[in-house]
Structure formats: structure tokens, C-alpha cells
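Throw the hints in and build the complete structure from the sequences for me.
Letter by letter, the first sequence follows residues 1 to 631 in the working numbering.
Just so you know, these hints were derived from the structure itself, not from any lab.
Any given hint could turn out to be false.
Unchecked claim - Simulated pairs of lysine-lysine, PhoX-like, Cα-Cα distance not exceeding 25 angstroms:
#1 K202 / K275
#2 K475 / K461
#3 K202 / K253
#4 K35 / K81
#5 K205 / K275
#6 K35 / K68
#7 K247 / K205
#8 K402 / K379
#9 K526 / K536
#10 K399 / K379
#11 K261 / K205
#12 K332 / K399
#13 K621 / K562
#14 K81 / K114
#15 K202 / K229
#16 K282 / K195
#17 K261 / K275
#18 K176 / K247
#19 K261 / K232
#20 K399 / K351
#21 K379 / K114
#22 K148 / K379
#23 K232 / K323
#24 K229 / K246
#25 K614 / K488
#26 K567 / K492
#27 K475 / K153
#28 K275 / K332
#29 K492 / K430
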Amino acid sequence: MDLQANIKKSIVIAFKEVYQVDLEEKAIVLQPTRKEFEGTYTLVTFPFAGRLRQSPEAVANAIGEYLKESSSEIADFNVLKGFLNLVIADNIWVEVFNNILNTENYGQNETNDKTVMVEYSSPNTNKPLHLGHLRNNFLGYSLAEILKAGGYKVVKANLVNDRGIHICKSMLAYQKWGNNETPSESLKGDHLIGKYYVEFDKNYKVEIEALVDEQKVNYPAIAATTSVKELKDALKKKKDLTDDEKKQIETIKEIYTYAEKNAPSFLEAQEMLRKWEAGDEKTVALWKQLNNWVYDGFNHTYKLIGVDFDQFYYESDTYLLGKDIVNEGLEKNTFYKKEDDSVWADLSNTKLDDKLVLRGDGTSVYITQDMGTADLKYKDYSVDKSIYVVGNEQDHHFKVLKTILGNLERPYADGIYHMSYGMVELPNGKMKSREGTVVDADDLVGGMIDIAKERTDEQGKIDGFTEDQAQELYKMLALGALKYFILKVDPKNTILFDPEESIEFQGNTGPFIQYNHARICSLMRKADEMGVSYTKDVSLSNLETLEVELISLMSTFPDVIKDAGEKYAPSIIAQYAYDLARTYSRFFNECPIFKNDSEEVIQFRLTLSYGVGKVIEKAMKLLGIGVPERM
RNA sequence: GGUCCUGUAGCUCAGCUGGAUAGAGCAACUGCCUUCUAAGCAGUAGGUCCCAGGUUCGAAUCCUGGCGGGAUCACCA
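Below you can see the structure in the form of C-alpha cells.
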């Protein structure tokens with residue numbers, strides 16, 4: 001039963017009967033009534049007033065009067081200016097609630113026979129996951145769950161970036177300084193490799209500076225300076241540069257570019273990449289070993305944060321894909337070749353600049369393999385939609401990719417969607433791996449679990465818990481706080497990650513919602529002791545405002561799920577879960593459940609609590625957050 | 001410079017398919033545990049919704065132009 005739709009139908013009839021006008025159901029917009037007025041839905045009559053040559057107030061009164069008389073759903077109404085507030089009959093709410101109770105897996109939309117792939121996480125295998133990856137993982141996982149609940153068949157995919165110059169860098173450093181170190185309890189594989197990646201970078205930087213200073217003699221504009229780096233930093237800070245200084249900057253850039261490409265260790269890394277691509281046995285063996293360590297480390301983290309995948313793609317398998325598509329593009333004249341044999345996608349039909357898709361030497365670039373992988377995904381799953389959960393720094397890239405695939409007349413091109421999300425910034429600025437200001441994912445989660453333990457223990461709320469149960473609760477609360485903190489924000493906004501605030505357990509937080517679930521479970525336990533149980537068929541004729549509010553909120557859940565899926569916004573679910581928990585919390589305080597004379601009321605409120613608990617549980621599940629039975 | 005995103009309370013964020021007196025949380029202050037979990041509830045205080053025009057009965061919301069913040073415009077991935 002769709003209450004809103006029924007009311008709209010009644011309104012259409014009302015307009016026909018009262019004013020002899022035909023309205024489309026779509027033209028009628030019902031909005032939630034503001035808290036300070038009585039009623040659940042509000043019809044705004046301003047738009048009709050002009051047409052009917054009546055005051056908005058008169059229209060509202062006439063329609064309200066008609067509805068009250070003729071519609072069993074409308075118990076009462078009130079009018080303020082052009083706002084017609086409709087009060088729904090309590091027995092209708094009871095009916096709505098019974099419907100919810102008797103709907104299996106309430107919230108789940110009917111299947112739509114469509115398949116969608118959600119690619120997320122997609123890490124580089126040269127360093128451990130950090131806070132930015134956490135946002136990606138939480139968003140991807142949640143979106144996948146939301147789409148499932150929205151009726152899609154979902155494939156969660158992870159495209160692992162396991163090859164390339166950056167991988168060779170850590171391999172090289174390990175080869176040089178690794179002394180056959182292996183992962184251990186205290187240093188798992190991804191962290192181990194990350195350590196060597198940092199080592200490489202440190203050494204590389206030293207080499208660059210040395211090379212730069214060596215080169216400066218060839219450049220009169222800066223030859224006299226003692227340290228190029230100091231000069232560079234000084235110029236960076238300065239405003240209103242003179243022409244000479246601007247020239248110096250250009251020169252410095254030039255030298256750095258040269259140094260970056262000619263530093264010994266960089267050349268070595270390049271050489272290693274060539275060997276890898278040639279299939280050199282030793283190189284490939286090292287690569288395999290180190291990558292496997294990293295995967296073990298990642299799997300540990302994935303398990304810790306509770307995300308999973310149905311399909312892994314590896315760039316070492318896919319990086320050569322896409323070259324056929326380049327030929328196809330040339331044949332279809334949507335690509336063209338330049339004099340140096342490089343191939344470009346013609347994007348003159350858009351605002352975008354033409355894009356290189358194959359280098360002059362025949363090697364591919366990032367977008368080449370992305371085209372190939374897109375084909376592969378379609379081949380594997382004939383997906384109707386393909387979602388890429390990738391940061392907003394790649395907005396342009398995905399615009400180009402989608403356009404190119406469209407020009408190539410790929411049937412799936414329209415279904416490509418870049419779920420772009422904003423960066424995660426720290427109170428003192430951006431995270432920069434080179435400056436050591438990254439927040440490591442494992443450390444962060446570990447730290448939050450510790451804090452969850454502290455808070456819980458000091459409240460003395462784990463009496464009777466086994467050690468395992470306690471540990472499980474700490475983890476559930478820690479991840480609940482973290483995931484909710486990140487998911488409640490609209491994906492496209494930049495997040496300011498304040499470690500202090502993210503572990504708050506009060507107010508608009510994950511634990512607050514979890515707490516309300518635990519309270520409900522506590523009621524259920526008490527009911528059990530008292531020999532009362534919830535029912536699948538409540539009957540009651542008189543409801544409290546908060547009871548109506550709860551039922552009304554619950555009734556919108558399937559639509560909220562659909563909306564969140566259409567907007568690719570887990571934040572909508574987060575907001576909903578909080579609204580429901582908060583409303584329940586007020587109900588809990590104002591409406592005693594057991595301390596009540598009427599058997600009927602006790603059973604109704606108990607059942608209402610049960611229903612709310614179920615919806616909270618399901619909503620949180622869509623965010624990848626578990627709910628405890630006690631806390 | 002071009003393109004895209006963004007600017008709402010001291011702070012973190014909702015609201016943005018136009019609708020009533022702009023909402024939450026945190027922080028501050030005041031109440032409420034012999035009664036179902038106080039990780040809670042109730043209340044007080046806090047706003048030029050970046051600015052200026054425009055459209056409209058009505059604009060935080062739509063349009064135009066500014067200003068501030070961010071991303072991007074690689075033969076990097």
C-alpha cells in the first residue's frame with residue numbers, strides 16, 4: 001500500500017468534484033508537514049489558486065473539507081495561508097505498520113533484472129591503505145549494498161594496480177636494502193613494501209638534489225646560487241616576481257624535470273620495468289613474491305573493515321588490452337594518427353581536448369587499458385551499469401573515457417558512471433604521502449578500537465560479556481563511528497577529518513544509532529522475561545504523535561533506498577538512519593512501553609520498537625555498519 | 001586562463017526536483033536517572049544561507065555576474 005499515492009489520487013478526485021478541473025497526479029506535490037503543525041502531509045495550494053481564481057486559503061479549505069468528508073484516510077485537516085495540512089487517520093497508520101511488519105525483508109525493492117558493476121578500492125600494490133582509501137572502500141561497499149537493495153544484481157569489482165614504475169620502485173629498494181626481510185606480526189606485507197617505497201623515495205630525492213646542483217653550472221640564470229632548492233623555496237614564497245625571477249623558475253623546473261628523469265635509481269627502476277615487461281624470470285619472481293605479501297596485508301585490512309569483492313581484475317592482465325580498440329577507432333575515424341605515429345581520439349564533438357590513446361612507440365597509456373578493461377567488464381558480465389568509485393581528481397579522465405567509448409558506439413557507454421568523491425583533508429591540511437602526513441588505515445582503525453574500549457569500559461556496560469563479545473563490540477562501535485562519520489557526508493564534498501570528532505559516540509554518530517538498536521533489543525529481552533511478545537498484527541485506534549512519526553518514517557524506507565541508489569549517495573541512508581534513531585529515542589523517553597495499563601498499548605509499542613529496530617538494522621547494513629544487541 | 005565541484009550557526013554537516021518562522025550534532029548554559037540502557041531526553045543561546053542583480057505570488061534552492069576555497073586541463077597512473 002502506497003499511502004502517498006492514494007492521497008494524491010484522492011486529491012485529484014477532490015479537484016474534479018469541487019472545481020471540475022482535471023489534474024495530473026504528477027502535478028500534485030505532497031510535502032512533509034512542518035513539525036509545528038498537526039498533520040503528516042501538506043498540499044501547497046498556491047499553484048492552483050491563480051488558475052481557479054480563488055484565494056489559496058479558500059482552495060485549501062474546500063479541498064480539505066472534501067477530503068475529510070469523502071476519504072477514509074484523511075481524518076482531519078488544518079489550513080494556514082496556502083498550506084493544507086492533512087491529518088491521516090490513526091487506523092490507516094496501523095494498517096501501514098502492519099503492512100511493513102508483514103513484508104519480508106522490508107526495504108528491499110523488487111528486482112529490476114539489471115546488472116551493475118561497482119568498481120572500488122582499486123589500490124596500488126606499493127603501499128598500505130590510508131584514510132583516503134577508507135572513504136573509497138566505505139563508499140563503494142555501501143553503494144553496492146544500496147543498489148542490491150534497490151533491485152539490482154551487483155558485482156563488486158576491484159581493479160588492482162599491481163604493475164608499473166611505482167611498483168618497480170619498491171621492488172628495487174627491497175632488492176637493495178631488504179636483506180630478505182619478510183612480513184611479520186608487527187609489520188604486515190603491505191606495510192613492509194610501503195616502507196621500501198618510502199626508502200626509494202628518500203634516496204631518489206637525494207639523488208635529484210645532487211643532480212640538480214650538478215647541472216646548475218650549465219644555466220647562467222641560476223649558476224651563482226649556492227643551493228637550487230633554497231632558491232626554489234624562496235621564489236615559491238615570493239609574490240610579484242620580476243621577469244628575471246620568472247625566468248629562474250622556468251629554468252629550475254627544467255632542471256628538476258631533467259634530474260627526475262635521470263637520477264640513477266629512477267633509471268634503474270625503468271630498467272626493471274622493461275625487464276618485467278619482457279618477462280625476465282628473476283624480476284617476475286620478485287614481483288610475485290612482494291605482491292603476494294601485499295595482498296595478504298590488504299586482505300587483512302579488508303577483513304578488518306568488512307568489505308568484500310566478487311571479482312578481482314589485475315592490471316598486469318589488463319594493461320595490454322585496448323590496443324585493438326585503437327585500431328578500431330582508426331577504422332571508424334573517431335581516432336586519428338599524427339606524424340609521429342601517436343594515436344589520438346578526436347573529441348572535437350565535445351568541449352574536451354583531443355586525447356592521446358597510444359604513444360608514438362606503440363605503447364599504451366592509462367586510458368588505453370581503461371578502454372580495454374571496460375570492454376572486458378562488459379564481456380564478463382554484460383553489465384547495464386558500470387560504476388567507478390574513484391576520487392574527484394579523475395573527473396576529467398572519466399569524462400574523456402565515457403566520451404571515447406560513446407564515440408566508439410559501445411552499448412554500455414551510457415551506463416558508465418564515475419562516482420566521484422572529494423578528498424579527505426586533515427585539520428592541518430592535506431594528506432601527503434611524501435610528507436608523512438598520511439593516516440594509515442590499519443593504525444586508524446586500531447586506534448579507534450582502543451578508544452571504543454576505553455569509553456565502553458568506563459561506562460561499565462560490558463558486565464557479563466565474554467572477552468570475545470567485548471572485542472566484537474569494540475570493533476563494531478569503532479567501525480560504526482568511523483564509517484558513519486565518513487558516509488554521512490555527501491560523497492562529492494571534501495571531508496575534514498578531525499580524529500577527535502570522528503570517534504565521538506554522542507549525537508549524530510554511528511554509535512548513537514547503534515545505541516538505539518541495543519536499547520530496543522534490551523526491551524525485547526525484558527518482554528521475553530515478562531512473557532509478552534511482539535505481534536505481526538497490531539490493533540490500536542489511538543496513536544501518539546511520535547508513534548505516527550515513526551510509522552511514517554518507516555514507510556518511506558523503500559523509497560529512500562531507491563533515492564540513495566539513483567543519486568549514488570549513501571549519505572541519504574545515513575541521514576535516514578539517524579532521523580529514525582533520533583525519533584525513536586524521543587519516543588523511548590516520552591512513551592513508556594511496559595509501564596502502561598493497556599495490554600494493547602504495551603503490545604503495540606513493543607511491536608513498534610521491534611519494527612524500528614529491524615529498519616535501523618537494515619539501514620545500517622546498507623552502510624556496512626553492524627548493530628549490537630547490547631552496549 | 002578554460003572546465004568541473006564547492007561556500008548555510010563558533011566548528012562539522014543536512015536542506016538545494018522553488019513553498020510556512022532555514023534544521024541537526026559538537027562546543028556553551030539550565031533542568032531530568034528509587035521507573036523499560038542518561039552512549040539518552042527536554043530547554044536556553046547562537047544565522048547578512050559568500051556578495052550583487054534577475055525570474056516568481058514565494059528564492060538557501062533556479063538564471064546571470066562577481067568574490068573566496070578545491071580539483072583538473074600529462075606521450076603519470
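Going down the list of hints, with the structure as the test:
1. K202 / K275: 24 angstroms, holds
2. K475 / K461: With Cα atoms ~15 angstroms apart, K475 and K461 stay inside 25 angstroms; holds.
3. K202 / K253: Distance of about 20 angstroms is within 25 angstroms: holds.
4. K35 / K81: 16 angstroms, holds
5. K205 / K275: Satisfied, since the Cα-Cα distance of roughly 24 angstroms is no more than 25 angstroms.
6. K35 / K68: Holds, because 21 angstroms separates the two Cα atoms, which is no more than 25 angstroms.
7. K247 / K205: Since the Cα atoms of K247 and K205 sit roughly 24 angstroms apart, the hinted pair holds (cutoff 25 angstroms).
8. K402 / K379: Holds. K402 to K379 sits at ~17 angstroms (cutoff 25 angstroms).
9. K526 / K536: 19 angstroms, holds
10. K399 / K379: At roughly 22 angstroms apart (the allowed maximum being 25 angstroms), K379 and K399 satisfy the hint.
11. K261 / K205: This hinted pair holds, its Cα atoms lying about 12 angstroms apart.
12. K332 / K399: Between K332 and K399 the Cα gap is close to 20 angstroms, so the pair holds against 25 angstroms.
13. K621 / K562: 15 angstroms, holds
14. K81 / K114: Violated. K81 to K114 sits at ~46 angstroms, over the 25 angstroms cutoff.
15. K202 / K229: Roughly 15 angstroms separates the two Cα atoms, so the pair holds.
16. K282 / K195: Measuring from Cα to Cα gives roughly 22 angstroms; hence the hint holds.
17. K261 / K275: Roughly 18 angstroms separates the two Cα atoms, so the pair holds.
18. K176 / K247: Distance ~39 angstroms between K176 and K247 Cα, so the pair is violated.
19. K261 / K232: Given pair K261, K232 holds - Cα atoms ~19 angstroms apart, limit 25 angstroms.
20. K399 / K351: It holds: about 11 angstroms lies between the C-alpha atoms, which stays within 25 angstroms.
21. K379 / K114: Cα-Cα ~15 angstroms, so holds.
22. K148 / K379: Since the Cα atoms of K148 and K379 sit roughly 21 angstroms apart, the hinted pair holds (cutoff 25 angstroms).
23. K232 / K323: Roughly 41 angstroms separates the two Cα atoms, so the pair is violated.
24. K229 / K246: Holds, at about 15 angstroms.
25. K614 / K488: With Cα atoms ~20 angstroms apart, K614 and K488 stay inside 25 angstroms; holds.
26. K567 / K492: This hinted pair holds, its Cα atoms lying about 11 angstroms apart.
27. K475 / K153: 30 angstroms, violated
28. K275 / K332: Distance ~35 angstroms between K275 and K332 Cα, so the pair is violated.
29. K492 / K430: This hinted pair holds, its Cα atoms lying about 16 angstroms apart.
The structure is inconsistent with the numbered hints 14, 18, 23, 27, 28, although it conforms to all the rest.
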